[in-house]
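**Q** Sequence:
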Amino acid sequence: MNNFVSSIFIFSSLFICVYAKTPSFYRHNEPRVIGGQDAYSGQFTFAAAIYTQTPDTRFFCGGALLSTEWILTAGHCVNNGIIFTIKLGSITLNSDDPNRVIVASSEYVLHPDFNPESIENDIGLIKLRLPITLTTYIQPTTLPIQPLYNYTTVTVLGWGQTSDYDPELSDNLKFVYVASISNAECRMIYGSQISDNMVCVQGNYNQGTCTGDNGGALIEYLGRYPYLVGIASFVSANGCESTNPSGYTRTFPFTEWIKSVIDI
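Numbered by mature numbering (1 follows the signal peptide of the UniProt record, and there is no 0), the letters in the sequence shown go through residues -20 to -1, 1 to 244 in order.
It is possible that some hints are incorrect.
To be verified - Listed below are the simulated DSSO-like cross-link pairs for lysine-lysine, each with C-alpha atoms no more than 30 Å apart in a straight line:
no.: 1; residue 1: Lys107; residue 2: Lys67
no.: 2; residue 1: Lys239; residue 2: Lys107
no.: 3; residue 1: Lys239; residue 2: Lys67
Hints in this document: simulated from the structure, not taken from any laboratory.
Hey, can you work out the whole structure from these sequences and the hints?
**A** Structure, rendered in structure tokens:
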């Protein structure tokens, strides 16, 4: 650690706060999209709502369907998981929706180099018990074919909180357009804990992710095709509505590891 970071305190395996001279980051055990708009049915057919049960707690994460059997999410969303209840095919969490499919799994693969203290290599996979049937509303997304470049317009999405003052998840899937920034800029805010395998994004004013959006997809569109370029990992300890950027795990550096696990 360098002089940006004075100390790291781990409150639980799902709650990390880094105190620094510059704003610190904070990994939430629930997510949200700040300043977002409602998605429409069938817009993000890969979006997965994941309820993780561990020996100690139950919490919510997002994820992205990669194939009929595998969901990609953050490493801290699967670490120590016992059972995962997953909702696919719907843009709502609780409202009636005939397109929703609910499945359960207890099998996951955590990246072998995941570090719960630094959240380095914050990436994991959940294997479904049976292959899911694809529909108009359930379709996998695609791994990136190139690195995510600085100042690229990307889309973040999730069911997380919509303000720092409302702890409830959003029933409707939200999304917002933001831009990736350079890691050098991000390190000016968070310090040297920002590794090359992370990327920060920033929207206008306070747009971005929040508690409950962790594990959710960061999408880059090339033409009309969505590519999964990042996984929501952390937000600023100053609050989701601060102007500090949100942090993601880049997926491109992990594509070979992902393919080796899911055998594609």
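**Q** Now tell me, hint by hint, if it's right for this structure.
**A** Cross-check of the supplied hints:
{"no.": "1", "hint": "Lys107 to Lys67", "in the structure": "holds (14 Å)"}
{"no.": "2", "hint": "Lys239 to Lys107", "in the structure": "holds (13 Å)"}
{"no.": "3", "hint": "Lys239 to Lys67", "in the structure": "holds (23 Å)"}
No hint from the list above goes unmet by this structure.
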